[in-house]
Amino acid sequence: MARFHRTKPSKGGFEAFSKLFPDRSREDFSLVFPYDLDKEKAYGRQKGLFAFDGERIYIASLEGEREEIPLDDCASFFLQRGVGCGFFFVRMKDGEERLLCRMSASGMSRAGAAARTLNHRIESGETKNFAREEARNCPKCGRRFPKGSQSCVHCGNKRKIFMRLGAVISPYKWQLLFSVFLFLAVSLISIVNPYLNKILVDGYINNSEAAAKENVLFLFLSVIALILLAQLLQRGLSLLRGYIMIRTGNRVILHLRELVFCKIQELSVARISKRTSGELLNRVTRDTGVIQRFLTDRLTALLEQILMLAAVSVILFAYNWKLALMVILPTPCVILSFRLFWRFMGGMFRRRWQLNSEANATLHDIFSGIRVVKSFGMEKREAERFEKITRREKEAQIRQEKAWAVIMPLLNFMMGVGEFFVLYFVGNEILSGGMTLGDMAMFSSYVGMVYAPLRSFAGLPRELLHTATAVSRVFELLDENSDVYDAANAVDMEIKGHIEVKNVSFGYEEGREVLRDISFDVKPGEFVGLVGPSGVGKSTMINLIMRMYDVDQGQILIDGKDIRELSQESLRSQMGVVLQETFLFSGSVAQNIAYAKPDATRDEIIAAAKLAGCHSFIIKMPDGYQTKVGEKGYTLSGGERQRVAIARALLHDPKILILDEATASLDTETEKQIQEALAHLSKTRTTIAIAHRLSTLRNATKLIVFDKGRIAEIGSHDELMAKEGIYYGLVLAQREMTKMQKEEGLAPKGAERKAHA
Amino acid sequence: MKTEVKTKEGVSKTEILHLTPSNAAFVRRNSLLSLTFTEEDGGQRVEKRVILKRAFPFDMPWQYIAVLDAHEREIGMIEALSLFDAETEALLREELARIYYTPKIRRILSMKERYGFSYWQVDTDDGDLSFTVQDTFRNLLRIGEDRLAIFDVDGNRFEIESLAALDRKSYKKIELYL
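So the sequence lines, in the order shown, correspond to chains B and F. Oh and the first sequence: position 539 is 539 in this note's numbering, straight run, nothing missing. This note's numbering runs 1000 ahead of the 1-based position in the second sequence.
These are computed hints drawn from the structure, not numbers from a lab.
In the DSSO-like style, the derived pairs of lysine-lysine whose C-alpha atoms are separated by at most 27 angstroms in a straight line are:
1) F:K1048 - B:K93
2) B:K402 - F:K1169
3) B:K41 - F:K1048
4) B:K708 - B:K723
5) B:K597 - B:K655
6) B:K523 - B:K708
7) B:K388 - B:K402
8) B:K708 - F:K1053
9) B:K502 - B:K523
10) B:K41 - F:K1104
11) B:K388 - F:K1172
12) B:K198 - B:K322
13) B:K388 - F:K1173
14) F:K1048 - B:K708
15) F:K1104 - B:K47
16) F:K1053 - B:K41
17) B:K739 - B:K723
18) B:K739 - B:K702
19) B:K523 - B:K496
20) F:K1172 - B:K402
21) F:K1173 - B:K394
22) B:K402 - F:K1173
23) B:K93 - B:K128
24) B:K739 - B:K672
25) F:K1112 - F:K1169
26) B:K402 - F:K1112
27) F:K1172 - B:K394
28) B:K610 - B:K496
29) F:K1169 - B:K394
Take the sequences, apply the hints, and build the full model.
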């Protein structure tokens, strides 16, 4: 963890190397990983290295621990996971287990990879490094990278980040430039306004000499007309600008959202399931919104305010530098206090926001589980739970509003103080005849113009930070490489349906293999059943065949071609999947059945529905095939949904059909019907099915029995029964069950019959 | 009332196999915790390496401890470590503390949040440590009113045993996330 982060992160804990192995060079070792905990005592940090030089393993720590074991004495290595730490073990050839070292959770993935590397070496004699050689800390600042990301949010060049934003808005640069130009025009006019006012006051209202001139009325009216014109122009241009900004803003955000959304769809299941859907939702909507607001509103406004501030300052100084200084002097104070204010309020705002989203999450939680709540009669307790969280939110809100109400007027007053000084000095000047009333009117207008942008500048750092966070989050996602990707030479191929699985090993996490050394062969048109207790890797196997994940070791071939050489689109478009958890999109039943084949004719849809055994209940619904299903639609039962999903897969007409507990929620009778339909179809396609109810697999040409991540048995039903192995045990157990059910169910009937006889 | 107690006992006897000083002896050999278990029929079973798991790690760290064999199959459950003699209790406590490595934070030296990550430097009962937490609000877990568990990006765990006992400076640094 920890220690290594800050001191010399780039070395990942290897700084001790030269001390521990003074007479060896780093190249001597094919494998080195650091460990950081005392293996005997619960507490006690150590700085140690585990190293392997091809023949012997070495464990050495700066605290004086030292051990050497020849690899020839070792049978296997394994990592036992604790909580917050891991234990690295070796199993010796004589069966004895020895603890080699212990490390905090930070070191576990490397240790897990090391165990695999060493085991592979013992089993096959080859040295293959399983460590994912990805740096986990930023080499520059030593901070940890975000999970699954390879860019540091801190050192990620900020200018570069904003440059990339430039690329996003470049198609709209003319619109944006035009809007900046309009902005400038508006501000110029607003600068002219106080000057016109001054002329009005000094020249005509407060001037008895001018009143004597002949054409005074005309001049007076023309100044007023000028002021009116300026106002009209200002409003008109603002209106135009607003229109342009909204238009371009919407386009920018659409563009950004499309980018993010497409990227999310491209990512592998592994990368997506790492994040909650709420988080992804936020990135698509909120983060892009923040960026859009910054780009279109703030950026142009900022430009305008800077220019305005500069222009007004110049005018003020040119007019009367002493007065100007008086206006400018308090500004650092104002900026500073605003910054402090924002920092103070920022925390409060965030807390309130967090509590708010927590309250929403609680609400969501309760509503999704409303049936459970009601069935256990826990409405009152849930109401209390919700009340508790809303009360916390309320308290945070009151606190924040209070602070706001107290501080805001104070700050505004402070900003006004400068104006009082101006008033005092200008008043004095007027009394002594150095300045006119018009000067004063103009000056106080300009002072207002200086303070307005300053006020918004104070909030700027926060806003920049906010935007930078959103930008880095969005770009992090855009930059993320899907770990399942199409090879450069990926091909589209017509699949016949021959699947070969060769020595496949796979684990979702480092050091935890779910599947080990799996090999089997499925001929085109075969119906293969995967059998075994839950949690042995059957669904994982199917995920691998669909290439939702890439195998760690070995190969999966379809028609003799590695699936990694096929384009994902071509692979999956020829597979049909029915999962236990079926998902129907909002839309009509017909649309759902035709999901993978939108141009299907009505005949095809009905045919597929009939095959899947859902025609009969669809036709009974009031809206028939146009019944709305999904989130807000008609609620289908679990079995009905499953049949619709089967129809969807059948209409898709895949070369490979995958059924993962697809018929689990159907009664045996309906299942039998579907089985027959499937049997009829599966002559032309390869089918792989997982089922716990073994009768589901009665048509299978081959059964593969999984046990603890390995294949235990392969063969037909009869072969496996003859073998009396695991499958035999499963069948017997289920027979026992059905017998029991039958006896229970039939007993009264039998009694009745007897009575009749 | 009486029947309820009866069923409760019945369940506990049939469902949970209790490990007590009378049927279980723990020893530490070569940094492995081993168990000699006496079956009801008097037969002895020796497990060279057993693993301890807490059933209620936060609320009852020294009670309801499951004992698993090397293949992570449950052998039985220890209802409370205090049932054993002082020496064994100390041994089991040490073993649990080894498996559940959770440095207790005594002082927060610094805690800075930027871009959704927070960077911590803390003083713990296992020395000064620093770590990184992603999505801070979600990775701080309140246990009861006064305790706080913290999970970092790697899966390390830290704990503040009592928020009330934390010095004011440290508390201020995390107050907003509570």
